[in-house]
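S.K.: From these two lone chains plus the hints, build me the complex, please.
Order-wise, the sequence lines are chains A and B. The numbering of the first sequence is the working numbering, which starts it at 48 and goes up by one. The numbering of the second sequence is the working numbering, which starts it at 25 and goes up by one.
FYI, nobody ran anything at the bench for these hints, they're computed from the structure. Quick caveat, the model's predicted, so the values are computed rather than measured. Take the hints with a grain of salt, since some may be wrong.
[To be verified] Facing chain A, according to a computed beta carbon distance under 10 Å, are these residues of chain B, among others: (1) R36; (2) L72; (3) N156; (4) A259; (5) E260; (6) K261; (7) Y262; (8) A266; (9) L268; (10) L271.
A virtual CB, placed ideally from N, CA and C, is assigned to each residue, including glycine.
Below, each chain spelled out in residue letters.
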Amino acid sequence: MQLVINGETKDYNLQNLTVFELLKIENVKNPDVVTVQVNGKFFSKEQYTSTILKDGDEIEFLYFIGGGK
Amino acid sequence: MKISTKAIHGDRTNNDPYKSLKFPVYDSVAFEFDSSKEIEDAFLGRALAHTYSRISNPTLAELERRLAILSDAYGVVVTSSGMAAITNVILSIAGSGANIITSPFLFGNTYSLFEKTLKRFGFSAKYVDFSNPENIENAIDENTVAIFFETITNPQLAIFDIEKIVNMAKKHNLLTILDNTLATFYLFSSKKWGIDIEIISTTKYISGGATSVGGAIFDFGTYDYGRNKFIASDAEKYGKNALLVRLKREVYRNTGGCLSPHNAYLQLLGLETLALRIEKSSTNAMVLAKRLKNHKKIKKVNYPGLEDSPYYNNAKKYLDGYYGSILTIELSSKSECFKFMDNLKLIRRATNLHDNKTLVIHPASTIFCEYSKEKREELGVGEGLVRISVGIEDVEDIYEDVIQSLEVL
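Bound-form chain B, shown alone (with noise of 0.2 Å):
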């Protein structure tokens, strides 16, 4: 079955009692059980029952079934949020003194996680330019953990060789964590290509076109947790389950980093036309990309879509027909930015990806507002960086308005 089926149907099993073709919400905190023993059971893991939906629920379990029938993963947990994904799966695998090795070019909460809330615990982050994957192998030490990096980097619209990459890592037996936001497993399959552990903001394209907040991580069963120090222990009692069960049994637990049962709702009917909006938006997105390179008022567009991208090579390589929905323009200083952005009469002014609505930003001023000029530049955030995230509108409304708000410049 192709994906866009699978989207729609899974496979085919259907988990409600009543036979319900939507998979109802399950909005209850607590479970009851028949006997002491029962609820004993449960809680010691000896049966398959939920608890507390802060441990478990019916419709987060029923998302997660559905997430790693299509990403094809060993298994998958939901969380709050995609940045709630992130910190769960540092804080299962990392410990004082342990380091990632990771790319500048990332999502500017994501550098704020590694550079601010978990370097006070003595985690650090280590950033070199993946453009070259031997700058990686020089960066690992006793104390790496894994390799941290993005499909296609927010807002810099990288795509590295994710091959060598992998290859580097099992070569050290490091794990690999992608964060596949931009792409999903709908264009890029982390399965295909090797990751170890994938992680997901679905409230991007999974939510169904912005309705709710929600992350997602994916565990492809590759790596062994026996070469992790952090989590050693947990491998030799649960083999490949080590991080699911150091995940639902400790840290997802015990931060409390849970999806609401309403938002897994949205989340599985928004999964069912992810493929409809990833198609549309990307079309949208590469059509707009062409008919801008040559505008007299932008001195450059990014799209890994356009052939003199230099991440055109990349993409053909481990995307999957489409290029996403994001571009970014470059235009000549933040005041030019605002008043191109302030101009837009259809397009929004909002932060957020994968909307069915067109969204523009300036990233230098918001999501990366708390670093120096000096440091956005060393980030990849230009002062005159717009990022458009393309929605599922026509595409000559959305072409339409930009062109006119160009007008004013």
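One chain only, chain A, in its complex shape (with noise of 0.2 Å):
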């Protein structure tokens, strides 16, 4: 499966991998205050683990510097 992540296309030999897994797997940092999207949509939290990636999904770790949680 390919996913392009920040913009940069790789490939994974993995079945059902979701949001969750991918912070881990590309050692997301300060995983506590990224903002993920999917193909240009915002996920919260709650839909890291029940988010199952697909093919050719475009998933982007964003920050906004500034204080909070």
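M.R.: Here is the structure:
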């Protein structure tokens, strides 16, 4: 399966890969403050474990500097 | 941990690379990168990095982080002033044709912002009497995007039934925006009472006693921005971060209302003594209000902590044990007010609040001078009104000065 992560195409030999697992595999920094978009749409933290990614999905891990949680 | 302890220690995280116990001033415009790819990632938001101090800066980010801890906000953006904070929020959630419902009891410059500056761009504010929340409901229409009000109004010192206003807003899926400058999160918890957005002039209590001008926007993460057509597109992309992203990647960035790093440093210092100053100045204000209320030269003393204040029940319900440091006295005329003010020996004539020094001003001839006498009456600012921002001096010295000055009338 191919995914586009922050503009870079990558291959994954995994079945039923979730956003939660991808955050770990990609070693995303500061996961508590990262904003996740899948195909341009926002995904909340509650959706991380239930969202299974599919071939061709474009995922963005974004940060917006500012105080908060 | 109690709020006064959190004001000093935050969450004990030390983000300074040298572990400086006071977070330093990063007084640099730009931040450099090791590669072109890294700077591209920073601009796209793919990396947690500062690029340019109009957009973000480490000292500002630390102040934002500390304010979020204290207020229990989801996210905080600090601005160059309280007025910049209000402007940034309205520009982010409204557009041509949009309106907000507010009270005529507002800070003079906020009223001017709504009635003059933003009106030219097709935005409008509807003014209703907030003492009856039904008036708010009757004013709501399909273009209403928010309900805006002040915790303790300046200078009328009204405190409305916040719970009823919040319930009304929720019923109609409207954003609530609260100017919490006079109370701060120390006396009133926006989070607890369901306010969506709080703004504060940090120039006042936060700055440590009028050391620097600044403002802050607090988003409690409670509003579904998908309900507002002016920001719904960002809600789809960024969820509960929609307003913070709209600010940081558009409105705040494009309008340039950033706080200076030096002011952020001063305000971080100010935060540490916030509790002491609020408690001392509020206690002083209560003493003065009680002693002055039966003075024969004063027609009326307005202070929400007085039991005969029409706002006492709301003050007791919503404020956390203190009633703020602002009181007003009513004299018979503008000339009486000027005589009283000009004879003060200790108290300073100046337009600010929450300085460590006690300050006095005649709102009608200053903050509200751009309006007619009739309009001022409508806004709750009479010709005989004197506003006293009580400082942290010994209350006996403040009282003595007020009494000796009343004697010339």
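S.K.: Confirm or reject each hint.
M.R.: Hint check:
1. R36: Where the cut-off is 10 Å and the nearest Cβ of chain A is about 16 Å from R36 of chain B, the hint is violated.
2. L72: Holds - the Cβ of L72 of chain B comes within 10 Å of chain A, reaching about 4 Å at its closest.
3. N156: Hint on N156 of chain B: violated, closest Cβ of chain A at ~35 Å, above 10 Å.
4. A259: This hint holds: A259 of chain B lies near chain A, its Cβ roughly 8 Å from the closest one there, short of 10 Å.
5. E260: Holds - the Cβ of E260 of chain B comes within 10 Å of chain A, reaching about 6 Å at its closest.
6. K261: holds (6 Å)
7. Y262: holds (5 Å)
8. A266: holds (8 Å)
9. L268: holds (6 Å)
10. L271: This interface hint holds because 8 Å falls under the 10 Å limit.
Taken one by one, the earlier hints fail for this structure at numbers 1 and 3, listed in ascending order.
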